[in-house]
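Quick mapping for you: the protein sequence lines, in order, are chains D and G. Going by my numbering, the letters in the first sequence line up with residues 1 to 332, in that order. Going by my numbering, the letters in the second sequence line up with residues 1001 to 1307, in that order.
Calculated from the structure, these hints are not laboratory results. Each hint should be verified, as a subset may be incorrect.
Here are the in silico distance ranges between beta carbons for each label pair [said to hold, decoys possible]:
#, chain 1, residue 1, chain 2, residue 2, range
1, G, Gly1128, D, Val67, 31 to 37 Å
2, G, Ile1031, D, Leu74, 54 to 60 Å
3, D, Ile49, G, Pro1221, 54 to 60 Å
4, D, Ala93, G, Leu1046, 52 to 58 Å
5, G, Leu1193, D, Leu18, 21 to 27 Å
6, D, Phe2, G, Ser1194, 30 to 36 Å
7, G, Gly1208, D, Ile64, 49 to 55 Å
Covered stretches of chain G, going by a simulated chain D footprint (3 or more residues, C-beta under 8 Å) [stated by the list, open to error]:
#, stretch
8, 1138–1152
9, 1233–1246
10, 1265–1276
Note that CB positions come from ideal geometry on N, CA and C, so glycine has one too.
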Amino acid sequence: MFTYIVRRTLVSIPLLILISIILYVILSNAPGGGLGPYLQNPHITPADIARLKHNLGLDQPLPIRYVRWLWTVLHGDFGWSTSNSEPVLDAIASRIPPTLLLMGVSFVVSVAIGLAAGIFSAVRPYSFADYFITTFAFFGQSMPVFWFAIMLQLLLAVHGIPLPAGYQIKLPSAGISSDYSNFSDLFTGANIGDTASHLVMPVVVLSLLSLSLYSRFMRSSLLEVTKTDYVRTAKAKGLDNRTILFKHELKNALIPVVTVLALSLPGVIGGAVVTETIFSWPGAGRMFINALQQSDIALMMGYLLILAFFVVFSNLLADVLYAVLDPRVRYD
Amino acid sequence: MVLQGPEFDDSDTLTSKVTFWSRLRRHRMAIAGFVVLAVMAVSALLAPWISPYDPTAIDPRWTGEAIPPCFTNGSACLGHWLGVDEVGRDLLSRLLWGARISLMIGFVTVIVEVLIGATLGAVAGYYGGWIDWVIMRVTDVFLSIPLLPLLLVLTGVVVASSNKASLSLWVIVLIIGALSWTSVARLVRASFLSLREREFAEAARAVGNGDLRIIFRHLLPNAVAPIIVQATLDVAGVIVLESVLSFLGFGVQPPQASWGSMLANAEANVTVAWWAAVFPGLCILLTVLSINYIGDGLRDALDPNMK
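Just chain G, same shape as in the assembly (with noise of 0.2 Å):
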């Protein structure tokens, strides 16, 4: 008898980096999630030299009437691709640095995430005990408080105490990571109790390696599966939470802004200008989505069992 069919793909001879690259090319949203990332990760990095005007300057031919974009009227639009925005910036050109902003909030957020959640994640299945009891229970508080409403106290809370405009990004990244990371360390958790009663775990532990060298080189890399697809779909998470802060005042502050924190002055003048309010919420919108199925084809591609 033949063998055929996909089951037959993901035969042990193949090593397993090789089945995970075939069954993510295999995945076409995700593909084609990573090419928008991709274009919207470099035109983020590249904004100081590709973006046509200073994001912050005021053009001076702008008489208060609203500048739309070029595809709509042509010539009136003096070389702004995207109009201007309700004070007479380029509407573009703040979208590409708006992209450094939302972006790199969304990843080093999930950076500080993973490292706190796994940590903690991978103390608590290790050890067990009273350890992870205590670790469980403080995760429980966490979980029980709900997300948005306590971010928004926190960063009000910031906000208010300090200077307005000295609400530095990075205090945004560390209350978001700080809130963020009980799933990831629920799912560490989760491997570690089964990893750590492994025969390669007693063979770390029989040939005298410590406690820690265990729980990173043998243990950790084991678990690195759910970890990975977890933190790509709280970047996303991430954004959007960014993007909400900032639309309702919380986050990013000017002369700084997210694609978020565009929206929320934009809201108020979409029926004269509606370039504003679309375009920064089509790159949210564009970026989740494609951060989303790259996610999903991962969650493929390392574990086809994995729900």
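This is chain D alone, in the form it adopts within the complex (with noise of 0.2 Å):
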């Protein structure tokens, strides 16, 4: 098991390196090249552009300049965010705080009903209940997140329910309405509620689809072990329904679920673009849409590379707790 999860890891490195000049390549030919919001400012003239394009290297060939971009990277340095005007780092940093309460509060209530919904259908296959069920997750399936958001909005304001569809920090001293300052007003004190009141239209959006995938999977998942000889087994024994539920068939069923889970990982690192968007929730997702539209490359580079490792990692989590759930499985 060590050694498989060391030779993961070390087959990880290529993996990350290749994604990364993937990446930089894509986004070396955006417009403006690193330059954008200087191209679009009055006061630099096109003899300012020429010298900062010759300072930063920008004038380098391709190769030269992602070697040297990867060298800074590996010394902990992503780069400079025009669109913040902060460091990459620094940006990325002050987004994942929202973006982990809002993304963690979602699996969590996705989780628990989609699995509960998940074992109560497969406990009575082909019920009225379980009809309900399917047909509910195939719906929150289908839903497209963004027209679920916007009809949750009208539905609100129809009925004029006073939950904010948008995000706005209050800020007590001056008249300095900024929505990135300080998260840690968050989860103080009197903020509490007001953040909650935030947090409600977010999570049911973003639950909605997560919710219906895990109960979906917990269904078949527990269907197919129900057909198994071990319950049989166990039903001879005449052991009652709810310890062969939870002792014998829920251990099992449990396991691809699990690692299912654990692919949600680089979610709950990155936000959720459109519903962090529509909602002006500030979180990574957001940042990454601001980044986008103003043309903020290291930015971008940074935000997706650290996702894109996130995917990696999860994807080697999710075997290992395989291997380590279910003792069948062996890895050499």
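Both chains are sitting in their own frames, so use the hints and assemble them into the complex.
Here it is as structure tokens:
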């Protein structure tokens, strides 16, 4: 097992380098080539641009630029975010707490409801409740997330329910209205209620899709286990249904589900691009859209690379968890 | 003893084609999905003839006031069955023309995706060895970059570096297709790994068929079932993906409109003109739901043991 993890980790390194090369080539073709915001500024002359280009090494051939970029990244410097006027890592780090809050709550909600619904319908297959849950899951899976968000906003507006549709931070002092300010305020004292009320709508929107997926997965996994010989043996021994379900069936049925949950880790870190944008949630996904609109190449690059790292990591985590939970699985 | 039960219907005396249709017919939601999708597709095809207005023309009687659908207040709709959008264009006509674009992108993208995925998967699975290794590592790379952000970056680059209106639908089709072939490639490779060891493949080789002929005439037809299921479900996925791209402004550009880009404009006015936000989304939901049910039915009908 240990050698397996080491080998997979070693394989991930060239994989990540390859990913970074592809991303670098794509993004270096973006208009402005990293100087987009300066090109639009009338106070910056073409001579300044040429000087900036030379000083930043942007006049060098692509391979040299890539190697230099990789070198600084390996030293923990992802460059300067032009849309936030701060280092890329600082910009990303400041969006992680709100994203973790939003995605974490959605994750817990969708796992709790999704698994419960999946188990409930697998225990009574082809009953009315099962049909209801599977139909609901089909709808949830087919629902375009952004449209669901708009419909929720409409519903609340029509019925005059005072749930905030967008995120706005309240600053007690001064009149500065910025939604990217101090996030520790989110979790302190009087603001908790406000934060919670802002969470409701995006959490509902984000949970619908994932809880549908989880419930369908849980249901099919549990139904699969129900057909096995050892469950029949347990029934023949005269165990009651509750013991069979919790002690025998669920233990095995949850194994594939847990690995699927591990694969949703990158989403928890990366946030939700669409939902965060619609509800003006100050998370990493919305930051990415801002970066895209302002051709902030360094920030897009950092965001995508960190996300790719978590995808590779969670794939490894899923495989390892699978082997840990199921002793029949052996990697060599 | 008399044999009974559903297993017996699928006995060897029936050809696989007959069992396929009889199994599919039993899946009522899939049949309903076929009907809904067929209605959508036919009205999309007939849009130039059946749409009551020009989808890009502004009604000259429009005063800037919202014109709601006919079923809400009778005659005030001025003949616009589903009202007009936020700049006075007939919503029903726009939905019909939008269907052409949304459905076209969905289906054509999946054709691109299957062509790339099936070819790469077949080559990887048939030849094995280092060819397989290289193709699978490329697949790993594509699977490790989050799809939506990457799509946004790619279309963003194309939108910004070209004249905005010239981002043709084909560019969107090619970009999505070129990024989403990985699941098809993996499925085909997995089938080919076992198919190439079977006797009929051996026989085909023994009679002196070339590799290409063996791959496309003998092996690929046997790997079609999982491809069809995956491709069907992917049509739904692509339609949603395109609508998200267009909603965020990185997909279909005006004057063309898909269901997704119609929603982008309608969002801001949702409290004034709810119909312009409700109907395009309802079209997406109905289409995607139908396709998902069709995919589910096809999976059950083609191979009940398939997960």
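- Numbered hints the structure breaks, given as an ascending list: No hint contradicted; all consistent.
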